[in-house]
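*Asks:* Residue numbers (my numbering), protein chains in the order written: chain A, 1 to 438; chain B, 1 to 438.
Be aware that a few hints might be false.
Any copy, or any two copies together, can satisfy a pair, since identical chains are not distinguished.
[Said to hold, decoys possible] Pairs of lysine-lysine, DSBU-like flavour, derived with a Cα cap of 35 Å: (1) Lys389 with Lys260; (2) Lys260 with Lys438; (3) Lys350 with Lys154; (4) Lys260 with Lys435; (5) Lys350 with Lys29.
In case anyone wonders, no lab produced these hints; they're calculated from the structure.
2 protein chains.
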Amino acid sequence: MSKDIVKPSTLPGFLELLPKDQILFNEIKDIIRNTYEKHGFIPIDTPLIEKSEILLAKGGGETEKQIYRFTKGDTDMALRFDLTVPLARYVAQHFSELTFPFRRYHIGKVYRGEKSQRGRFREFYQCDVDIIGNGKLNVIYDAEILSIIYCTFKNLGFENFTIKINNRKILNGFFSSLGITNSVEVLRAIDKLEKIGEKGVIDELINLGLSRDAVTKILKFIQIRGNDEEKLQSLKSLNIESQIFQEGIKELITVTDYTKIFGVPEKNYTIDLTIARGLDYYTGTVYETFLDDYPEIGSVCSGGRYENLAEYYTTQKLPGVGVSIGLTRLFYQLKEAGLLENDTPSTFTKVLIIPMDESFNGYAIKIANTLRENNIISEVYFEDAKIGKKLNYANNLNIPYTIFIGDEEVKNQKASLKDMKSGFQALITVDDVIKTVK
Amino acid sequence: MSKDIVKPSTLPGFLELLPKDQILFNEIKDIIRNTYEKHGFIPIDTPLIEKSEILLAKGGGETEKQIYRFTKGDTDMALRFDLTVPLARYVAQHFSELTFPFRRYHIGKVYRGEKSQRGRFREFYQCDVDIIGNGKLNVIYDAEILSIIYCTFKNLGFENFTIKINNRKILNGFFSSLGITNSVEVLRAIDKLEKIGEKGVIDELINLGLSRDAVTKILKFIQIRGNDEEKLQSLKSLNIESQIFQEGIKELITVTDYTKIFGVPEKNYTIDLTIARGLDYYTGTVYETFLDDYPEIGSVCSGGRYENLAEYYTTQKLPGVGVSIGLTRLFYQLKEAGLLENDTPSTFTKVLIIPMDESFNGYAIKIANTLRENNIISEVYFEDAKIGKKLNYANNLNIPYTIFIGDEEVKNQKASLKDMKSGFQALITVDDVIKTVK
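Kindly generate the complete structure, drawing on both the sequences and the hints.
*Replies:* See the structure below:
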């Protein structure tokens, strides 16, 4: 019977990795997870599909266009497009069963039907960490979140990265002192400084109906320079008569003071008054993280403080602070930048045991079991094949050691261990195999 | 501004866990993952959404009715309903870049729009492990897969479980010797023995057009009793003139012989000639796993050998063998059976550090950093609250230790460690804290 073959392929915008890269990807994901857990964050795992009314409660904007929405039976449902909306729904739904401050992390896939382009994915992992308060949440937690960004990238092996922080209250207070009421649009325009340059921002601000005078003040404001202390000094000396502005400065001082106490080196964070995070969502501290040697990658970890996480699902006031790493995009970009080039193996196996023929299988299995008991990942090659093919298996997967089992090995109750890199080979006891491989 | 509140809820059939259960669930998932990895299996992580033509290439049956299928733009796509079809597509697509035998594991969510009922889920985790050969695959791997089922349930803490095995060739050969051509339907009927009893099976077989004589022989066959050796002996003594039947016996002997060599205790596996796995998919060894003390749960790990994994996506012949654990259902059922009742904490945090007021925060953070460096998960409680509320936080989350920081602790450069269970408290050095907690 001849069958129709369907050409095997994945949908565009959906990343799929070969084993070598998958192992590396998982390693990175594990480091992030372990860092979050080490700081006392609790995992949650919410359904990928939610009711559309939940996901679209806030509504508007890009979200509605990009969402994967469908019906089954009478039910209108959709795939989550971030992990924040599910968190809001989770906390509102299980409010009485949670303990606050609720420290949760969530690593999972999210879906956005964006225009397909290089480095943009329709399915991608987000690694979120948030602290949610009941009614209130101390601003010190904003510094703790910054310290967690630091620990995460440090644990991932990065040295040169900068966590840029700002406080939305400073911007909002400053704007209100200028009589600006459409601060969201103004923030969006300012946020584009790196992308469209000073001239571009000026044009956008004028288009928003701001006076030349106000635009000049804004530019002066966002171009405050110096180290963190000098920036804070410059801000104070502006003498802005706005309570919200003064609150923002106070919070920023607390956050930078505590960041130091948390042990984050000064070279890894800085106040940047141009960071606004163009969403109306954030209300206090905002973060963006850049790899110093790869600024073109953009922010690799962003987030901030929000006043009211779950306002669409509960009347409880739930302020919070958190950040997110877009892991799929980060992985793709690190790879593009050549940062992940190394000789990681395509398997976890450390020792491949090769019986010379079927009669040696029993002894081979015994050795594999012993090695595993000693936490050495090992496998036996059972296929009937020429020795060259068996060695190719080890070479292709980059397995560091092979063991040959034949007459002599069984007779001496030993094993012929071969270091696949150096080619060095020796007939040794299983105990010595364990010592050598470890 | 008063807002419309959307009642926070999840879709029916979608399991969501509270932190305490989530931590336990992840622990189980990690044990399965670690067991698979320890045996040299490689992780893959395929998109949750595939082209509908891929997922429905085989077509027919329940699958098409249960699948979550939708369109976005011109694209017809669907959520995967198992991990086997994505594996087949993956291996066919990346064939030239993989090394065979390809040992892969995959732990991920799958989706089936089944009728909603207790213990049935529409989103659930599957934990799959398979070995795929290129053209051929030694039957010894069937025994290895059995040994991996054993190790997995052993590592999960089970002692009393039985892996039942059979070989489809024995059944198929037996049927062909009886002139039965609709063996798939006959197998489906036999598979229901436990559910509908002997009388029910007889009725179904008669309905399928079998003679009374054939039905009698079938019942005699599937009621062969004794230990594994006796069963094999009974099978041989049937003197069935069918090559495929003899092949099946030979394979079953090899699998049981090697299962012993792999070190699986005899009490944990047995030949059961009634196990057929009602799918036409399997062609050799089949497995089902039962918890001896909870037979009502049904099989907790099933699978088998298949001749041709990816026939819908490639002309390459890819035989394989593997099993799957339906983790979400298993977790739910173990919980229902009261097997997961324990005092697992609702957090990973081992030590909660409580500064008596804000002036002690710095010292508290220093201690938290030191504990973390020593792999003790700890957090500082920064909220301004009465001491009772702070202790409640530790009690609610079941955190085993708290540390109080006040004047005396800072002056002496020590910490007041309290064992939350015994209530015992002492002013000790941070080094002693580390020793005590570890």
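*Asks:* Are the hints correct? Go through all of them and say.
*Replies:* Against the structure, the hints:
In the homo-oligomer, the alpha carbons of lysine 389 and lysine 260 lie at most 35 Å apart only across protomers (28 Å), although the nearest pairing inside one protomer, at 57 Å, exceeds that limit. Taking the shortest Cα distances, lysine 260 and lysine 438 sit within 35 Å of each other only across copies (28 Å), while inside one copy they are farther apart (39 Å). For the homomeric pair lysine 350 and lysine 154, the shortest alpha-carbon distances inside one copy (27 Å) and between copies (23 Å) are both at most 35 Å. In this assembly of identical chains, lysine 260 and lysine 435 lie within 35 Å of each other by CA distance solely across copies; the values are 28 Å between and 43 Å within a copy.
Both within a single protomer and between protomers do lysine 350 and lysine 29 lie at most 35 Å apart by alpha-carbon distance, with minima of 22 Å and 23 Å respectively.
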